[in-house]
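Participant: Build out the structure end to end from the sequences listed, making use of the hints.
Sequences listed follow chains U and G, in order. Take 1 as the starting number for the first sequence in the working numbering and just add one per residue. Take 1 as the starting number for the second sequence in the working numbering and just add one per residue.
Where hints are given, some of them may not hold.
Note: identical chains are not told apart, hence a pair may lie in one copy or across any two.
[Unchecked claim] Below, in silico cross-link-like pairs of lysine-lysine (DSS-like), each with a Cα-Cα straight-line distance of 25 Å or less:
{"no.": "1", "residue 1": "K382", "residue 2": "K58"}
{"no.": "2", "residue 1": "K196", "residue 2": "K136"}
{"no.": "3", "residue 1": "K196", "residue 2": "K207"}
{"no.": "4", "residue 1": "K151", "residue 2": "K207"}
{"no.": "5", "residue 1": "K65", "residue 2": "K136"}
Since the hints were derived computationally from the structure, they do not count as laboratory data.
2 protein chains.
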Amino acid sequence: MMEKGISSVEVLPSKSSQVTAVKVVVKEPETKQTQRGKRVGFVLVHAGAGYHSESKAKEYKHVCKRACQKAIEKLQAGALATDAVTAALIELEDSPFTNAGMGSNLNLLGEIECDASIMDGKSLNFGAVGALSGIKNPVSVANRLLCEGQKGKLSAGRIPPCFLVGEGAFRWAVDHGIPACPPGIMATRFSLAAFKRNKRKLELAEKVETDLIQLKKRRQSNEKGSRVMCRMCGRRSKASGGNTGGGQIKLYSLENDSGTLDTVGAVVVDQEGNVAAAVSSGGLALKHPGRVGQAALYGCGCWAENTGAHTPYSTAVSTSGCGEHLVRTILARECSCALQTEDAHQALLETMQNKFIVEFLWSHTTESMCVGYMSAQDGKAKTHISRLPPGAVAGQSVAIEGGVCRLESPES
Amino acid sequence: MMEKGISSVEVLPSKSSQVTAVKVVVKEPETKQTQRGKRVGFVLVHAGAGYHSESKAKEYKHVCKRACQKAIEKLQAGALATDAVTAALIELEDSPFTNAGMGSNLNLLGEIECDASIMDGKSLNFGAVGALSGIKNPVSVANRLLCEGQKGKLSAGRIPPCFLVGEGAFRWAVDHGIPACPPGIMATRFSLAAFKRNKRKLELAEKVETDLIQLKKRRQSNEKGSRVMCRMCGRRSKASGGNTGGGQIKLYSLENDSGTLDTVGAVVVDQEGNVAAAVSSGGLALKHPGRVGQAALYGCGCWAENTGAHTPYSTAVSTSGCGEHLVRTILARECSCALQTEDAHQALLETMQNKFIVEFLWSHTTESMCVGYMSAQDGKAKTHISRLPPGAVAGQSVAIEGGVCRLESPES
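Facilitator: Structure (structure tokens):
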């Protein structure tokens, strides 16, 4: 694997949402070489947007490394991109340090409800689950929906589902042989402690807000009272109310478990050059039950598209960050489209014109991002925690890093 | 209201999915006129893609007419586009003849689970519900989510939800004062009868498939037996199995209730020129519980965008048809983008350069489509059932119809 680094920090014109994207571009001018088969694969994973504390940096790197290795093992055994990306996601979900699967944020009722989705670049098929409880690895249900969808119509010509939510999604998973996970297993000591702290903060914030509203009402009624008095003496008067404090409500911001991490994701290129992307998330801390975020939504959480008539490059994207903003921009798909025309790193690529090349990028407007990547030629995964440079303000600056690697085919 | 008709039928290069789209374009070169206020509004509704039987044509036209009138009444009372479009949708949902709200298709368990979404072109805010049971008007929950979202953050800095599903969505609705609908009220005599017929068809289809698989197995084991015999006599032989019938499974296609209708929708332009779009659907007949279709998904079911820096025209779109295909294309948003550059009807528009103009279109690849439209100057709504011309094959041809109307301002 040959590799060259790219790193830049741009200042955004306006405060942006927390957005993290991982992108892979496959440039494959020699189709004959591909057909000769036994291509080696590539995987890039991320542990979620947010802040990665120095104290837990080792853990984040470890889980990224393990996720990469799981995917590469699958690829080396001849698995398709979708199965390899699922293997990587299962590893990320199983870590108690990520906000996905095990150790996910708890919702308002103290329950875990997960979102996950997967996209196959070859068939453009998609599978997703939303607000799913009681399943240890939500991504495996999403992948199973994708697989079942590829088998064609159900009995009596029914169209197979690609997006299931809640209790119905749980039932479908169990009916398809995915084991149910007993309640309570998926919450960790950390996530339960964070839930309790968050609940206290919420109660406190609501108490403060109620007090302020009452204070405001009392002042308004005093004001009204003083006006009446003035009217009694025949003069109009402005009551000198002073600051009601309405604009000074102190927000007791909630902490998300595992620091402030969000959706985890991975992108994979398999031996045949097919791409796949997948994401998984426990959602926001204390979210309303039934809330579905970007990780479950088509075009928002992940996108994968093999090279075709309208797409010169194969691309796969996974996103992370503040769900509502990612949904608005349909970010994953937008990034994929942008990559089709982007030639920022053309100079690097031209030196390796006739080879099978993967260009990989990650970018974040959050304080930090932990990624791991590995090609099948590598003995082990590389991991990296990317941080905004000193002085850069989260949400106002974007850091873009990445590299290019040439994947050697065993035969070449 | 001045109006000119546009009608065309194009033959598609390949068999396409059932797609129905309604589009509104507002061309508004004179912003001063708009600011003078008291603009009159416009609404365009549709009763769902599919086949509209001649026998029920009157009913479809009636419900479209009532939906238009409800929206116009709201607009005349000064309501915003989002509230007017919600009023139209409630009327469509309340009709037992549409596959939305009352009389929706029943799922595999005989329950009603609805999807609905709404988009505000001014704020680009979005609200949606998926797999929602026990609420008579799902669109009112979607609209409430949109409204609550526009109020800003919740206590302790929490981001308000814009997409809720299942039980959590139901709880949220009830907590926000939307009345629960007792189970059984929303199913109609027609929808229950169709459910029973569909269940019988499904059982029959599954029995036929099981029989065929057993027949195939028996033949394979006979074949194996004959091969063993041949081996015993030392010769390799192909068993003359004949046709196993595997490719000849007769599909017992399900009927969707209310004929084969799908998602209903509406687009609205309010007095200030703001646009809004909304859709609502009961989903596929005998769908898996928890299945969420395009009507709930951002960019797929509806799209609305006021004129802005990057959008010369205000556009609003609602789609209907086979959910999985609409989702794949993120059709509503794509149509909206296409309308920004489309100048097919430029000649018509140029004759009315300096006026407030609405261009409206509908298109379908299904056999028929029932639409209604009305401007605030009109005494009553116009309705129309558009059908593919004789000889045109559903899924292979697309019919495009529409018109242009100049909305007169009372002051001008």
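Participant: Take the hints in turn and mark each one as holding or not.
Facilitator: Now the hints, each set against the structure:
1. For the identical chains of this complex, K382 and K58 are intra-copy neighbours only, at 13 Å inside a copy versus 67 Å across copies, given an alpha-carbon limit of 25 Å.
2. Proximity of K196 and K136 under a CA criterion of 25 Å is satisfied intra-copy only: 22 Å inside one chain copy versus 36 Å between copies.
3. In this assembly of identical chains, K196 and K207 lie within 25 Å of each other by CA distance solely inside one copy; the values are 16 Å within and 53 Å between copies.
4. In this homomeric assembly, K151 and K207 come within 25 Å of each other (Cα to Cα) only across copies, at 19 Å, whereas the closest approach inside a single copy is 54 Å.
5. For a Cα distance limit of 25 Å, the shortest separation of K65 from K136 inside one copy, 21 Å, qualifies, whereas the shortest one across copies, 50 Å, does not.
Violation of the numbered hints given earlier is absent; every hint is satisfied by the structure.
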